[in-house]
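Residue numbers (the numbering used here): 135 to 440.
Incorrect hints may appear among the rest.
To be verified - In silico lysine to aspartate or glutamate, EDC-like type, Cα no more than 16 Å apart, as pairs:
1. Lys197 x Asp298
2. Lys197 x Glu400
3. Lys235 x Glu269
As the list claims (entries may be wrong) - Ranges of calculated distance between the beta carbons of each label pair, as one might list FRET restraints:
4. Ile368 x His141: 13 to 23 Å
5. Asp296 x Arg348: 33 to 43 Å
6. Tyr332 x Leu183: 50 to 60 Å
No lab work stands behind these hints, which were simulated from the structure alone. Glycine included, every Cβ here is placed at the ideal spot set by N, Cα and C.
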Amino acid sequence: MQTTNAHWWFVGPALFLMVVILLMPIAIAGALSFTSYSLGNPGAEFVGLENYEKIFTRSTYEKMFGATFRYVFVVVPLSVGLGLGAALLINSTRRFGDLYKTIYFLPVMAALIAMAIVWEFAFHPTIGIVNSTLERGCGSFLEAWSWYATGCERGFPLWLTDRDYAIWTVAFIGVWQGFGFNMVLYLAGLTSVPRELYHAAEMDGAETAWDRFRLVTWPMLGPTTVFVVTISFIRSFQVFDTVEAFYPQGGGPSKSVYVMMFAIYEKAIQQNLMGIGAAITVVFLGFVMFLTLMQRWLVERRVHYT
């Protein structure tokens, strides 16, 4: 039987684009990470692992990892939990369901740069609605909380400019923006749960809503949860626009909001240190690759209802 090479004419363009658009930039970033290259220089000096040594030994990059992981491990569980809760509430609501979907999804559609201006006014220490609302609670039972009593006595925090609160304030905005997106994914997962399983669970003694959620809904949402958690991790690692909007001159007070994407932008674009910027990019890609492999591992373990 005569064979031809006609199939290469069909898959060749796709392979070419995959190599040029996806693999080649990663390979170039990996190669640059071992150099001290800067844009405009005729050549690049090979420095070996020096850039990676800086990333894992200097205090600035220690703050970068600290800020990034604080942000990620606050935003991911809260945005996933709130997204699931909102999806369950909307799924059980027979009236105004579409209205609630629109309201919860509005932060996803809003331009965060524009909303950052609104949040900047909201968190303003003197004219912001957050501190003025907290001050109205002074003199009430809320002062039994020592943190609240201290705020009433000495003034409430400067949320965006205090190094102890800045990363948590940015994380709060990340949760506000991200949970609506997770809600939509969970709503799509809930529509695929067969109603017969709930009837069967009731016949087996699952009379309360919690029993039906524990025995049917949560196991059936296993693949959706794996996808939502993975996407949330990747989106959280990619946080940049909020930090750039609030702290364009640096990573916040005492580098407390110095996340990885901002570090890449600062080193590679603002300071023209392409080598160290490429090294941070490779480390960032390593985290994303690890999360992707974790997702594949969980899927292979059949995160499905059996």
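Now for the hints, and whether the structure bears them out:
1. Lys197 x Asp298: 13 Å, holds
2. Lys197 x Glu400: With Cα atoms ~15 Å apart, Lys197 and Glu400 stay inside 16 Å; holds.
3. Lys235 x Glu269: 33 Å, violated
4. Ile368 x His141: 13 to 23 Å: Cβ of Ile368 to Cβ of His141: about 33 Å, so the range 13 to 23 Å is violated.
5. Asp296 x Arg348: 33 to 43 Å: Hint holds: Cβ distance 41 Å, inside 33 to 43 Å.
6. Tyr332 x Leu183: 50 to 60 Å: For Tyr332 and Leu183 the Cβ distance comes to about 56 Å; the hint holds.
The structure does not agree with the numbered hints 3 and 4 stated previously, though it agrees with the rest.
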